[in-house]
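Work the whole structure out from these sequences, hints included.
Residue numbers (our numbering): 1 to 194.
No lab work stands behind these hints, which were simulated from the structure alone. Among these hints, one or two may not hold up.
Said to hold, decoys possible - Calculated cross-link-like contacts (lysine-lysine; reagent style DSSO-like; alpha-carbon spacing at most 30 Å):
1. Lys120 with Lys62
2. Lys127 with Lys62
3. Lys59 with Lys127
4. Lys120 with Lys135
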Amino acid sequence: MTTSGPQLIEKRPLYATVEIMDELPPADLYDLCDAADDAIDAGGGFGWVTPPARDMLEKYWKGVMVVPERHLLIARMDGMVCGAVQLVEPNRNNEAQSGIGQLLAHFVAPWARGQGAGRKLLQTAEKLAVEMGYKVLHLDVRATQTAAVSLYEELGYVRWGTNPTYAMVDGHFVAGHFYSKTIRPLFVPKKVSP
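Set out below in structure tokens:
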């Protein structure tokens, strides 16, 4: 029996999972650095415009793991780390902002985009924030990261401001947007007339 070309195998969709990390094993650190490098190269860096040296990136992620107020969530596609987000608790000495968490360094590697990993990361971070007692989440993003901007707005994040000099990319200022989302509304009892 002969064939006239390669056999096509039906491609199954990738499945995204999210984990809240207590530790970062070497294999996950390696994959996380690779995913971050790819995201930075594709213009989706979280503070970086070009990928830093590998040892610096490894130190960054190891540092995240030792800060008690930072919670690292990673996304996997078929077992491989493809993205992350950090839920950052407010400073313990800041009573006025004690109910507000911040999302930082949200990214998905280009090879895993469009499969729901970014959405799942945010939704899991929101659930964790609710469990921790937070009422509001804040985040910010470069205006040029249009896919991220669309995702945040689809998920109910409200843009409350734009800074036209948010970041410097290739010698030019890039605007940045600031978002907020109420994840657990305050209970306000109605006034009852006497």
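Looking back at the numbered hints, which does the structure fail to meet, lowest number first? Nothing - there is no hint that the structure violates, so all of them hold.
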